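Going down the list, the sequences are from chains A and B. Residue numbers are given in the working numbering: position 347 of the first sequence equals residue 347, and the series is strictly consecutive. Residue numbers are given in the working numbering: position 136 of the second sequence equals residue 1136, and the series is strictly consecutive.
A couple of the hints might just be wrong.
[As the list claims (entries may be wrong)] Capping the alpha-carbon separation at 30 Å, the derived lysine-lysine pairs in DSBU-like fashion look like this:
(1) Lys-1080/B / Lys-19/A
(2) Lys-19/A / Lys-1164/B
(3) Lys-197/A / Lys-172/A
(4) Lys-1121/B / Lys-1133/B
(5) Lys-19/A / Lys-1052/B
[Said to hold, decoys possible] Chain A side only, calculated, beta carbon under 7 Å to chain B, not exhaustive:
(6) Asn-18
(7) Ile-29
(8) Leu-47
[Claimed, not checked] Label-pair restraints from in silico Cβ distances:
(9) Gln-1143/B / Ser-33/A: 37 to 47 Å
(10) Arg-20/A / Gln-1077/B: 50 to 60 Å
(11) Arg-20/A / Asp-1067/B: 21 to 31 Å
(12) Asp-1034/B / Ala-84/A: 38 to 48 Å
(13) Cys-1019/B / Leu-42/A: 48 to 58 Å
(14) Asp-1122/B / Met-56/A: 34 to 44 Å
(15) Arg-1141/B / Ser-33/A: 43 to 53 Å
(16) Glu-102/A / Asp-1067/B: 45 to 55 Å
(17) Ser-1062/B / Ser-33/A: 35 to 45 Å
(18) Ser-1062/B / Asn-99/A: 32 to 42 Å
(19) Ser-1062/B / Glu-102/A: 35 to 45 Å
(20) Ser-33/A / Leu-1203/B: 16 to 26 Å
(21) Met-56/A / Asp-1034/B: 49 to 59 Å
(22) Arg-20/A / Asn-1075/B: 51 to 61 Å
The hints are simulated quantities; they were obtained by calculation from the structure and are not laboratory data. None of these values were measured; they are calculated from a predicted model. We put the CB at the ideal spot given by N, CA and C, even for glycine.
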Amino acid sequence: MEGGEWRKDIINQLQSRNKRETSTFQDIIAFQSRLFDNVSTLKNENLQLTLMNERMRYSNNESVSSGGNPSFEKIQAMEQRILAQQEELTSLHRTRGENAQEIINLNARVRELEKNLQSKDILISENMALIASLRAEIQMYDTNMNELQGLNQMLRDEHQALQIAFASIEEKLRKAQDENRSLVERLIKYKAKDADKMNEENEHFLKSNNPTAFFINTFGRVSFGKKSDKVRKELEEAAREGCSRGSDGSGGSVDDKIMESMPYYATTLPTKVLSSFDAHDGEVNAVKWSPTDRLVATGGADRKVKLWDVSKMGLVESKGALVGSNAGVMSVDFDATGVYIVGASNDFASRVWTVGDQRLRVSCYTNQIFDNYI
Amino acid sequence: MANDREVLREIWDGKLPICFQLDQEEIMDIQQPDPFYVMVPRLSYFPLVIDKMKRHFLRFISQENADNEMWLDYNGQPLKWHYPIGFLYDLFCGNDPQLPWNLTVHFTKFPEHILLHCSNKDIVEAHFMSTVKEADVLKHRGQVMSTMQKKDHNQLWLGLQNDKFDQFWAINRRLMESHGDNEGFKHIPIRIYSDDGICRQRLISPRNSDGSRKIIQQLISELYPDKPDVKLRTHGILLPADTPLQWLSEHMSYPDNFLHICLC
C-alpha cells in the first residue's frame, strides 16, 4: 500500500469531513424523517376521525328530530303522500298519452304490414302461375323427348338392319372374288399345261431332227446282222466319236430349252414417279397395298391411318382417314381378305379398323395383345 | 490498483444533509409546506434521491403543474442533475460551508438553456454509462468497458443507485487497473472547474516527461503557470500538493471515473 504524508492528510481530511457533514446530521435527520412520517400518518388518522365524528353527529341529529309533535307529523306525512299521489297521477296521465300515441303508431304499422302482406300474396300467386306454366312446358318437353327417343331407337334398328345386310353383301362379294381367283388359277394351270405340252412337242421334234441320233438309229439297226466284228468295231468307234460330238451339241440345246421354260422375272429400278400426293401432316411411316382392292393405306405421325384409291392413273382419291390412335402410326397391314386393317402406333397399342365402314373395331395395348395371343 | 480500501470507504460513506424548500411562488395551499430534510450520498445524483421529496411537495402545488419536470436551485443558480451531488456542494458551498444545504424546489419556469431535461432514471443511467466509457477511453483506450458484459454494466449502475459499496467496487476495480507494461493509465480523466462553473478538460498524463510520477503541484504549474498558489478541492477536502495523480485517479474519482475538481 502506498503511503506518505499526503495520504495521511487526505484520510484525516476525509474523516473530519464525514464527522462534520455526515455523522453530525445523520441522527437528527433520521429522527426528523421519522417524525415527518409520524405526522403524516397522524394527519390521516385525524382526518378519518373527524369524518367519523361528523357522521355520528348527523345520525344523532336525525334521531333527535324524530321525537316532535305526532299530529303535525301525521298531517305533514299525509300532505307529502298527497303530493306523491298527485305526482303519480300526472305521471300516469303522461304515460296514458304516450300509450295512445303508441297505439296509433302500432295501428299504422299494422296497416302497413297488411299492405305488405297483400303485395306478397299477389307475388305468390304470380309465381304459382309461372310455376304451372313451367310445369306444362316441362311435360311438353318430356313428351317431345320420348318421341325423339322412339325415333332414335327406330333409326338405330334400321341402321343395324342395314349393317347386317351390308355384311351379308360383303360376304357374298368376297365369295365371288374367291371363286374368281380360283377360276383364274385354274385357267393359269391349264395354260401352263398347254405350254408344257407345246414344249414337249418341240423337244420331240428337235430330237428327231438330230442327225447323229438318226444315224445311230438307222445304222445300229442295219449293222447288227451283216457286218463283221472288225467293221462293227470301227463303226462303233466312229459312232462313239460322232455320238460324243452329237451328244455335246444336243446337250447344249437342251440347256437352252430349260432356261427358256423357266419363269422370267425382269427386275428394273423404278425411274419415273407416276403420281405423288400429300398424305399426312408430318412424316409418313408406313404404306401398304390392299390385297384385294386398288387401295393404299398409309400411316403417319399425325396419328391417322389413311386410305387412298389409286385406280385412276395419276389421280389419287382419298377414301377416308381412320382415327383413334393416340400416337404416330408406325406400321399398317391388311388382312388377307382386305376387310380389316391393323395399325400399330407409338402408344404401345394396335388398333383394327374395318375398311368398308372405316370404324375402329379393336383397340388393344401391349398387355392385351399378349393376353389375347397367349 | 485501487487497493486503499480505507480511503475508498471514507469517500463512499460521505453524505450531505439537505433541506428542500418549495418555491414560495408555487405554493397553492393555505398551509405552508414543511421543509423536507434528507441525507443524500455525496456520490449519488439528484434524480435518484428525490422521489419522496417530490411526493411530499406535489400536495402543495397547483394541479396543472404537477406533471411538469421538477428542478432545483441554490441561491438562484439551477443545479445540474448530471453532476454528482457532492461535487455540486463543493462547487457552490466549498468556500462557505453551510449545513444543512438549503435548496429550493421548482415545478415551473424550467431553465431550458441551463439544464438538461431528465424525464426518468434511464436518462441518468445513460449519461452515467457514457461518462464511464469516456473515462475508460482516456485510461485504457476503451478496452475495459468494451470487454465487460451488459450485466457488469448493470451491476455498476445498480451498485451506485442502491448505495452498495461492494457491488459497485467489484466491477469498478477492473476499471481502475492499469494495463500494458508501464504502470498507470494512458491519461488521467480529470475535469477542473473554476468558481463560475466553467469546466476545463485536458489530456493529462500521469507521468512527467522523464518518467517520474506527476504530482498535484506539477499539474498546477502545468495548467496555471501564473497562479502557483491555487488550491484544488474535491470530495470536500483540499488535496495535498504532493499527491500523485495516478493514485488520485484510482482512489478519489467519482463513480463516473472522472476526477471532478474545484479550483479555490
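Right, here's what the structure says about each hint:
Among the hinted pairs, Lys-1080/B with Lys-19/A is consistent with the structure: their alpha-carbon atoms are about 27 Å apart, no more than 30 Å. A distance of roughly 21 Å separates the Cα atoms of Lys-19/A and Lys-1164/B; the hinted pair therefore holds under the 30 Å criterion. Between Lys-197/A and Lys-172/A the alpha-carbon distance is near 37 Å, which puts this suggested pair outside the 30 Å criterion. Straight-line distance between C-alpha atoms of Lys-1121/B and Lys-1133/B comes to about 18 Å, which keeps the hinted pair within the 30 Å bound.
At roughly 26 Å between alpha-carbon atoms, Lys-19/A and Lys-1052/B fall within 30 Å of each other, so this suggested pair holds. At a threshold of 7 Å, the smallest CB-CB gap from Asn-18/A to chain B is about 6 Å, leaving the interface hint in force. This hint holds: Ile-29/A has a C-beta 5 Å from the nearest C-beta of chain B, less than the 7 Å allowed. A least Cβ separation of about 13 Å between Leu-47/A and chain B goes past the 7 Å threshold, and the interface hint is therefore violated.
Under the hint 37 to 47 Å, the C-beta atoms of Gln-1143/B and Ser-33/A, about 44 Å apart, fit the expected range. Checked against the given bound of 50 to 60 Å, the beta carbons of Arg-20/A and Gln-1077/B, roughly 23 Å apart, lie outside it. Range check, Arg-20/A to Asp-1067/B: about 39 Å between beta-carbon atoms, so the 21 to 31 Å window is missed. At about 55 Å, the beta-carbon gap between Asp-1034/B and Ala-84/A misses the expected band of 38 to 48 Å.
For Cys-1019/B and Leu-42/A, the Cβ-Cβ distance of about 22 Å falls outside the hinted range of 48 to 58 Å, so the restraint is violated. The hint said 34 to 44 Å for the Cβ distance between Asp-1122/B and Met-56/A, and at roughly 51 Å that hint is violated. Range check, Arg-1141/B to Ser-33/A: Cβ separation about 46 Å, and the 43 to 53 Å hint holds. At roughly 53 Å, the beta carbons of Glu-102/A and Asp-1067/B sit within the given window of 45 to 55 Å.
At roughly 26 Å, the beta-carbon separation of Ser-1062/B and Ser-33/A lies outside the given 35 to 45 Å, and the hint is violated. Checked against the given bound of 32 to 42 Å, the beta carbons of Ser-1062/B and Asn-99/A, roughly 55 Å apart, lie outside it. Separation of Ser-1062/B from Glu-102/A is about 54 Å and departs from the stated range, judged on CB atoms against 35 to 45 Å. Distance hint for Ser-33/A and Leu-1203/B: a CB-CB separation of about 45 Å, inconsistent with the stated range 16 to 26 Å.
For Met-56/A and Asp-1034/B, the Cβ-Cβ distance of about 31 Å falls outside the hinted range of 49 to 59 Å, so the restraint is violated. A hinted range of 51 to 61 Å is violated for the C-beta pair Arg-20/A and Asn-1075/B, which are about 21 Å apart.
The structure shown violates the earlier hints numbered 3, 8, 10, 11, 12, 13, 14, 17, 18, 19, 20, 21, 22.
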